[in-house]
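Respectively, the protein sequence lines represent chains A, B, C, D, E and F. Those letters in the first sequence? Residues 61 to 330, per my numbering, in order. Those letters in the second sequence? Residues 61 to 330, per my numbering, in order. Those letters in the third sequence? Residues 61 to 330, per my numbering, in order. Those letters in the fourth sequence? Residues 61 to 330, per my numbering, in order. Those letters in the fifth sequence? Residues 61 to 330, per my numbering, in order. Those letters in the sixth sequence? Residues 61 to 330, per my numbering, in order.
The hints are simulated quantities; they were obtained by calculation from the structure and are not laboratory data. Treat the hints with care, as some may be off.
If chains are identical, the list can't say which one is meant, so a pair holds when it fits in one copy or spans any two.
[Unchecked claim] With a cut-off of at most 16 Å between alpha-carbon atoms, the simulated EDC-like pairs for lysine to aspartate or glutamate come out as follows:
| no. | residue 1 | residue 2 |
| --- | --- | --- |
| 1 | K321 | D269 |
| 2 | K149 | D114 |
| 3 | K254 | D109 |
One-letter residues, chain by chain:
Protein chains: 6
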Amino acid sequence: MTAINYESYKRLIFDRPYPGVLKVTLSNPGKKNSIDEIMHPEMVRVWHDISADDDTAVVILTGDGDAFCAGGNFDMVRQMVEDHEIRMKNLREARDVVYNMINCTKPIISAVRGPAVGGGLVCALMSDISVVAKDAKLIDGHTRLGLAAGDHAAIIWPLLCGMARAKYHLLMCTTISGQEAADIGLVSIAVEDKDLDDKALEIASQLADGPPTAIRLTKYTMNHWLRMAGPIFDASLAFEFHAFTGPEMREGMASIQEKRKPVFPRHSAF
Amino acid sequence: MTAINYESYKRLIFDRPYPGVLKVTLSNPGKKNSIDEIMHPEMVRVWHDISADDDTAVVILTGDGDAFCAGGNFDMVRQMVEDHEIRMKNLREARDVVYNMINCTKPIISAVRGPAVGGGLVCALMSDISVVAKDAKLIDGHTRLGLAAGDHAAIIWPLLCGMARAKYHLLMCTTISGQEAADIGLVSIAVEDKDLDDKALEIASQLADGPPTAIRLTKYTMNHWLRMAGPIFDASLAFEFHAFTGPEMREGMASIQEKRKPVFPRHSAF
Amino acid sequence: MTAINYESYKRLIFDRPYPGVLKVTLSNPGKKNSIDEIMHPEMVRVWHDISADDDTAVVILTGDGDAFCAGGNFDMVRQMVEDHEIRMKNLREARDVVYNMINCTKPIISAVRGPAVGGGLVCALMSDISVVAKDAKLIDGHTRLGLAAGDHAAIIWPLLCGMARAKYHLLMCTTISGQEAADIGLVSIAVEDKDLDDKALEIASQLADGPPTAIRLTKYTMNHWLRMAGPIFDASLAFEFHAFTGPEMREGMASIQEKRKPVFPRHSAF
Amino acid sequence: MTAINYESYKRLIFDRPYPGVLKVTLSNPGKKNSIDEIMHPEMVRVWHDISADDDTAVVILTGDGDAFCAGGNFDMVRQMVEDHEIRMKNLREARDVVYNMINCTKPIISAVRGPAVGGGLVCALMSDISVVAKDAKLIDGHTRLGLAAGDHAAIIWPLLCGMARAKYHLLMCTTISGQEAADIGLVSIAVEDKDLDDKALEIASQLADGPPTAIRLTKYTMNHWLRMAGPIFDASLAFEFHAFTGPEMREGMASIQEKRKPVFPRHSAF
Amino acid sequence: MTAINYESYKRLIFDRPYPGVLKVTLSNPGKKNSIDEIMHPEMVRVWHDISADDDTAVVILTGDGDAFCAGGNFDMVRQMVEDHEIRMKNLREARDVVYNMINCTKPIISAVRGPAVGGGLVCALMSDISVVAKDAKLIDGHTRLGLAAGDHAAIIWPLLCGMARAKYHLLMCTTISGQEAADIGLVSIAVEDKDLDDKALEIASQLADGPPTAIRLTKYTMNHWLRMAGPIFDASLAFEFHAFTGPEMREGMASIQEKRKPVFPRHSAF
Amino acid sequence: MTAINYESYKRLIFDRPYPGVLKVTLSNPGKKNSIDEIMHPEMVRVWHDISADDDTAVVILTGDGDAFCAGGNFDMVRQMVEDHEIRMKNLREARDVVYNMINCTKPIISAVRGPAVGGGLVCALMSDISVVAKDAKLIDGHTRLGLAAGDHAAIIWPLLCGMARAKYHLLMCTTISGQEAADIGLVSIAVEDKDLDDKALEIASQLADGPPTAIRLTKYTMNHWLRMAGPIFDASLAFEFHAFTGPEMREGMASIQEKRKPVFPRHSAF
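Kindly generate the complete structure, drawing on both the sequences and the hints.
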């Protein structure tokens, strides 16, 4: 296999806290590691690199400092509103980050503290094992912004916390604490914030010392459940992106930037 | 769109507690809002009317007084036993109420206090968000009556509370409190009885003020999970209805009416 | 129907604690009822016999003494490593025990105390209703042994406890107490160890007195969810068995027999 | 494995035209091998016996004389109309014959001459390889009798001849010649009537001389397509059987017995 | 049931050539019955009206004069390009016409002569039985226009003519004659143009005289295959509609209007 | 995007017969382009390179000289029998070539003359459009070799030529001419051998001049049918590979090398 050129990444920091464990840190300092047009494609291609990296058996995915990831930043979102090409590029990337995490051959452990919002929540929940601080804040965030929940929820939430809870949290755009997320099965486990990194590393190092084929095939076949829900996800994603040229998201964005309550249009074609 | 003629309904009461919120109250006073041959078809067609109603963004579905709905009443059930045509009409309606709630374009919030049994439980659990009083009593009720659980359980329980709990409660025909239902994911949330209406309205009004397209498409694509389980549901329903001409249900009904323990036949072709 | 020749079984003990209830006890005394080459095919064919047995309406499946079942014993596993024919025979049996439990027409109630490991866990969790002692120990055990989790997990865990918990426990090969198993939905209910047999019998006798067709069809149609996941299960099982000719399982077995930490190979083709 | 007691069958004739080849002949002389209450359960259990029969690698399924099988005879059908228990027994058998053919471990080759109608067509088309005389007459027959096409069509016709042709032939209840059936993919191949037995035996003997595991697993995994459509089939079957207590089938039967055009009721609850 | 107000339709002509048969004629004279903003919503709602119409057992769907339907006209398409709301309205309608034909309780027979293009082809092929003139011209038309094939192909073509032919015709945007369409299973049957109306009426009248419940349930359960592919269809449709704000469709449309070969952009985000 | 290093390939020849068209020629001269341990991984990774290659819009996949590809050569197969690691590596590659062709963003056109056997047939039929010479020879070849048909058949044959034909050809290991393959839908079209290259280029150049997003998304969403059958494919593949350590394949290989009729063992665990 080719040596991986991790130095080419600008928003992901890589280090190796244990043999076989690659720690990937989402990093956009001062911006709660929000996703910009540099980080987004990096979140897509990193999983191919990791699959091809013979030195890596397990991945820890975490955020820099006291946040996991605050989601897409406004500059990127604004460009998606204005430019068809950029919108389509982001649509493909939003699709591929989900499938690439599902199809990455190595297990991925998310270690989540602080806010995990939008595309950040995607990374937290599409990981194979999700370890969260009890006071982490998980927010899907779509409906507040005037968007249908389309970037990962439809492919996995019904198999995490069940339909009744899934629709409640997605439609209401609630803030879910790490503790509650663990209680309802949205994440694997919750620990005290101070123990988060140790716990993630403990899990990762156990897996790194484990039988690699057995572990990879366990992930692989379990994920067939997600692959079979792929068309549902694709539909949700493609529907979501239509909002970028419509009035609901325009108002959602404006209201957030103007720090006011949104006044959404009453009418919908749907 | 056409103006909706809600006045034509006889067992459903409509009012508008908030702009965009339509409250639908199942009402069969003195009978715990049990379902009769008038209410049953109304529970089917109301969802078409609501989808077509431009003044409605969100629905609250609740019961009149201190019960949600006690299920099909005995007169209706007896007619289904005796008359092929009526049985087939009810089979179609039982099917359509499930699909029509799934396909209703607007989100539905059930507010459940007291008993929710049989067809009443269908309405409670097929709603997108289910808010229940902690001391509500949820009873599927099929096996007690000599029927296979066929009117909604197979399409959604495995995605609500998981297979192990689902089969336990369905086979044993347990009474599940609202609190326990929330604990296992069968409903979205449980609140004190006194807070039930306020909570349902709080949720409904937030959704009514939300982005309509985003909210409707979130419901729509999540529900693909249920649509893909449609054939399982149809099989369960069509199998269930064969019991109406058989000995198990005859005994189940008789024993309930005679307030005694049933003595079911030992033999089954299955 | 033919009379069933239960006397021909050597590792399963049969008795009838209540009319219509057949209690099946896994028994391999002094070995925690571990599965040997005699028990394994018996666990496959017993479900056909029970489906054909007119005197049985419900099954209780339990373990002899203070263990449910410790999984496949080392002699059997060693033979599977060494002999292609024996391996293929066990692959077919491992497949058929899962499908035969799913397709057994009568409901199966597992009563689990002590350890339920590997093939023992299969029997515990593929039962329709699983009652466990709070201090029972549920262990999938595959990855510790160098195997992909392939004997039942992929067909049912996502529908029991959700994907995030399922992958955590399967990949980490945790020991799950009966209480925790009930909390996350992996089993139906947990009770005190001393109450286990009574609770299982209470459930079984209620079902035995219930309407047989209604109960069987409820099980039958609910299980369509599992049948539709059949190809996922088959893939997981067929992949798992390749490990029997590979280095990871060799090391897993050796390390257990030598009571030492395994040192798995780093490299994997997958 | 147990020796199979083929002598216990009354409507199936067994012989062994080639080592490893078991020829099963549907036989109800003078009645075009129509299915009666004796043949029906035999068509269900024979596949278990064949799976367990170590002397059989391949099955040829054919009809006695110049007919394959004319479907259910009127006495049996009348009993199904009149008696709930008999109807349910037949419903289960109709279901099980389809699944048992799918799950029979050995490949089944149908050799079809003359009419293959109703339950006879089930056997012809659920076989793994279907060889038909060019002038054979394939008739689903359900809608002529006032029944929904429910005994096998929904599980396999869309994967044989496509939806447009499937619905045309099923709804119109056409007579399809063997040649046309081969042209549209409904059967594997069509040959001259005089060559039918030789061709079937040629195929069977080649398979009997082939690698048994490879052949059985090829059948097995291809049939996952059918298993995944199982719920669709079950729904179609359970819906079909409701007609036995309704007016459409009553008229269908009467009109056939009175050799006149049926006059079906105009109204339907569906 | 309510009397149906067919007079309110402006682009659909209704007549009753046989008891129980409703003939629906797409009519936009002088424009090859192309779809405009009046016809499009009528093609959606007519199926609800027909399901509710007690006087109709079967539908014939045909085109006025010597064309079936030339697809969406340019004015409508231009509005969809320019106006988000109109685009979303058309997206919903394009989705609903497919599902409403699938879920219409009565069988639909298309009688196709001349061109059936785009949305016209949807109506032709989503009908339950499709009868076409041998020299009819079937054209999907999407890729020529710069659009992904998204309005019905993904839900049904693989089950009509198979994947290899489906992708060939869809990607190449071929013109398929009625004869060839019948040969590959894309339609039910092809007849001489002069015999088209008689053949459609012959089929329709036979079905109208048939058992209504049996016929409707046959359609209903067969269509579960299509419902289960619903998420694939929705994804294809939602993806397709993104092209309306992009450069490929702009060029596709321009080139058609300017009657020249298109020069599509080379680059794609996908 | 990175420039693609096509020079690193040893068994694939690349040229560009038209702008945007990349022609990939399987080349193992003098060996009918049979697959060796060099070609196999190249057939896997080339699709990633092509997806990333901005200069390529469409691929033509063909064979060098008068053969398409004779399948895996005996040296490679023998190594797979003898060495667990090599077997597992080939299992992964056999899986990935199928998924990578499905997920390659650009349309692939196979141009097939002469024999296409085993892994060669995989490439021919997993292409989006398959153009074959009328006298090409398509042979699955698995059962002749003592293997279950596991490398692509289960994922696509039922959607190409239907189940009855699929099982016939796979179980019987027939040689299918290009003409017959086109007649039954196994390939897109058949042409005279002399016209093969021109036809493939004509198709490819039309697609290269077409709208790239529209074409790619048409392929992408159609292929969801195949992705949803992924678990069936994986099961078939993982089952197939067990034969490499068993007696049936040993005999199959020996008999071919010794140019004699195989004498397979009679017994099978399955």
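Here is what the structure says about each hint:
{"no.": "1", "hint": "K321 to D269", "verdict": "between (51 Å within a copy, 10 Å between copies)"}
{"no.": "2", "hint": "K149 to D114", "verdict": "between (30 Å within a copy, 14 Å between copies)"}
{"no.": "3", "hint": "K254 to D109", "verdict": "neither (30 Å within a copy, 44 Å between copies)"}
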